[in-house]
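Protein chains: 2
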Amino acid sequence: MKPIKFSTLAIFAALALVMNAHAETDPLPSWNDGPAKQAIVDFVSATTDKTSPKFVPVAERIATFDQDGTLWAEQPMYFQLLFALHRVGVLAPQHPEWKDKEPFASLLKGDVKGALAGGEPAIGQIVMATHAGMTTEEFDKIVKDWIASAKHPKTGRLMTAMVYQPMLELLAYLRAKGFKTFIVSGGGVEFMRPWTDKVYGIPPEQVVGSSGKTVFQIRHGVPVLVKQPTINFVNDKAGKPVAIQLHIGRRPIAAFGNSDGDLQMLQWTCSGSGSHFCLYVHHTDAEREWAYDRKSRIGHLEDGLDAAAKGGWTVVDMKQDWKKVFAFEP
Amino acid sequence: MKPIKFSTLAIFAALALVMNAHAETDPLPSWNDGPAKQAIVDFVSATTDKTSPKFVPVAERIATFDQDGTLWAEQPMYFQLLFALHRVGVLAPQHPEWKDKEPFASLLKGDVKGALAGGEPAIGQIVMATHAGMTTEEFDKIVKDWIASAKHPKTGRLMTAMVYQPMLELLAYLRAKGFKTFIVSGGGVEFMRPWTDKVYGIPPEQVVGSSGKTVFQIRHGVPVLVKQPTINFVNDKAGKPVAIQLHIGRRPIAAFGNSDGDLQMLQWTCSGSGSHFCLYVHHTDAEREWAYDRKSRIGHLEDGLDAAAKGGWTVVDMKQDWKKVFAFEP
Chain A
1141 MKPIKFSTLA
1151 IFAALALVMN
1161 AHAETDPLPS
1171 WNDGPAKQAI
1181 VDFVSATTDK
1191 TSPKFVPVAE
1201 RIATFDQDGT
1211 LWAEQPMYFQ
1221 LLFALHRVGV
1231 LAPQHPEWKD
1241 KEPFASLLKG
1251 DVKGALAGGE
1261 PAIGQIVMAT
1271 HAGMTTEEFD
1281 KIVKDWIASA
1291 KHPKTGRLMT
1301 AMVYQPMLEL
1311 LAYLRAKGFK
1321 TFIVSGGGVE
1331 FMRPWTDKVY
1341 GIPPEQVVGS
1351 SGKTVFQIRH
1361 GVPVLVKQPT
1371 INFVNDKAGK
1381 PVAIQLHIGR
1391 RPIAAFGNSD
1401 GDLQMLQWTC
1411 SGSGSHFCLY
1421 VHHTDAEREW
1431 AYDRKSRIGH
1441 LEDGLDAAAK
1451 GGWTVVDMKQ
1461 DWKKVFAFEP
Chain B
1141 MKPIKFSTLA
1151 IFAALALVMN
1161 AHAETDPLPS
1171 WNDGPAKQAI
1181 VDFVSATTDK
1191 TSPKFVPVAE
1201 RIATFDQDGT
1211 LWAEQPMYFQ
1221 LLFALHRVGV
1231 LAPQHPEWKD
1241 KEPFASLLKG
1251 DVKGALAGGE
1261 PAIGQIVMAT
1271 HAGMTTEEFD
1281 KIVKDWIASA
1291 KHPKTGRLMT
1301 AMVYQPMLEL
1311 LAYLRAKGFK
1321 TFIVSGGGVE
1331 FMRPWTDKVY
1341 GIPPEQVVGS
1351 SGKTVFQIRH
1361 GVPVLVKQPT
1371 INFVNDKAGK
1381 PVAIQLHIGR
1391 RPIAAFGNSD
1401 GDLQMLQWTC
1411 SGSGSHFCLY
1421 VHHTDAEREW
1431 AYDRKSRIGH
1441 LEDGLDAAAK
1451 GGWTVVDMKQ
1461 DWKKVFAFEP
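If you're matching them up, the sequences are chains A and B in order. Residue 1470, in this note's numbering, is where the first sequence stops; the numbers in between run on with no holes. Residue 1470, in this note's numbering, is where the second sequence stops; the numbers in between run on with no holes.
Extracted from the complex, chain A is given alone in its bound form (with noise of 0.2 Å):
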């Protein structure tokens, strides 16, 4: 009889794991079968194997995503530019001069393209007279209130619903699977950090972005950091890799974007001695988002898309690996 009780054990124990496995949730619902959702499960599934050659420990498991069009959309323009635009429009009280004065004297006529017009220059007085002249903990509280109530002008959902469902799904995976997942964005870092934990779980610490000089003073006897209408890094294409050294110091083994901002970021990471998989999320959806690559000013993605044939890297065709963009789609 014994025997027979071991076996009967044994089948339910079999039957238990495979209904185990078959439970087992999809980490990545809204992600359709096809090559692109198959290459990420199978790279984490190789460096998370320690049976597996190409298994890396949780330590180096180092993953950088840009922001801009990678985890969340960027038409018509940046959202940053959004945010320093309705600025110009809050401190145009304080600044009579901006009437007589470009860009300025435009946007406050509602002209955006004509302000806009005088390109990088223009774009950089705006951002400076909107990001500099006040102590860090208050631009923070001015940017909490404009993520938590800004409004995308042609959706008109806030900002925060219109980040890409299916990397939201990718991000918790991946931290599921012990990887450490950081933001690396042209974006200025203090306008991310507020609110970047909420949206995609990833602390301040964890953010690099670009900057604004800042300086300590003590004020009144109350120490502050005053943000200064200087440049002080712009984290942008080569840029990236040397952000990445300087505040990770780990070459990532994972990264993802969206435009030639990203491939030397893409470089750095595939060029590494060990595993690596770097990816590429390619804008083909003109209904549910925007349909754009190497004629587009804001994410123009030429040679990466070459590098990316080259290198063999993973491109995501938004139209066709994603069941959903956003999640507030019916």
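Possibly wrong hints are sitting among the right ones.
[As the list claims (entries may be wrong)] Straight line, CA to CA, 30 Å or less: simulated DSS-like cross-link-like pairs of lysine-lysine:
id, chain 1, residue 1, chain 2, residue 2
1, B, K1190, A, K1284
2, A, K1281, B, K1190
3, A, K1317, B, K1320
What the hints contain is simulated information worked out from the structure, not anything from laboratory work.
Since chain A is already given, all that's left is putting chain B on it; use the hints.
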């Protein structure tokens, strides 16, 4: 009978609790009982007790540590300078011009004092000549090789044995209580990161330091970061809160230093709105370590001592408060 059984159980339970409390080992065995140890334990107990008004959520438990003179010794000169002097010797054959060029000429004759007589510009020249011109990966290897074998000129111990045992216990204690420990040092970030994880349990991404500029290049098809002979950031004095803001993005709730170079970091930390703790390590033990403060060039501690007295910060008297300074002591 039932009530008796119940109270017997209750007695056993109470006994188990008491035994458990006694079994809990002292997390700071190298600290003598006294006001410094008590202040640390009180702060950690209060900030980690959910019922305390001083409770701080885990995510906000940021603790920053200076390195030289706070975590390891800094006499007779900063250890990174010893590293640089060693490198001058190694590199000299490639630099015949150094024979006639100060500060290198003096150094190569063994006259360290003469070389350093040139002050900060001389030190800057030595650091730049030894910390630039190679890739970040090459430098990483150079540092690892040195730290594995370099001996302290006075004790003959490995440099990594010159760390303070009580501070190692403090780091471990804080981490066990949910604190995230960072180094915020005037030392070079790329000089520290190759070994801080092994020595202090602090991973590269939690090390903030001074830095030189690096440039991203593709050499023969391989992406590299090349260290330039240009200063990027000096992480000292008013630079420390600036770097904390840039790298960590949160105000620490606990900060540990030993010199006036740490004063602004402590001021920034201890002017936060919630719970906070500031501590100075005071070098008072000429026998087991070194005794210096107001009159020393290295680890100059003058304004800091006054600020500590005024602000009620904790000052560790190494001679009184530490049972042991180094682990190698008998």
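Verification of the hints:
1. B/K1190 - A/K1284: 27 Å, holds
2. A/K1281 - B/K1190: 27 Å, holds
3. A/K1317 - B/K1320: 21 Å, holds
Against the hints set out earlier in the document, no violation occurs for any number.
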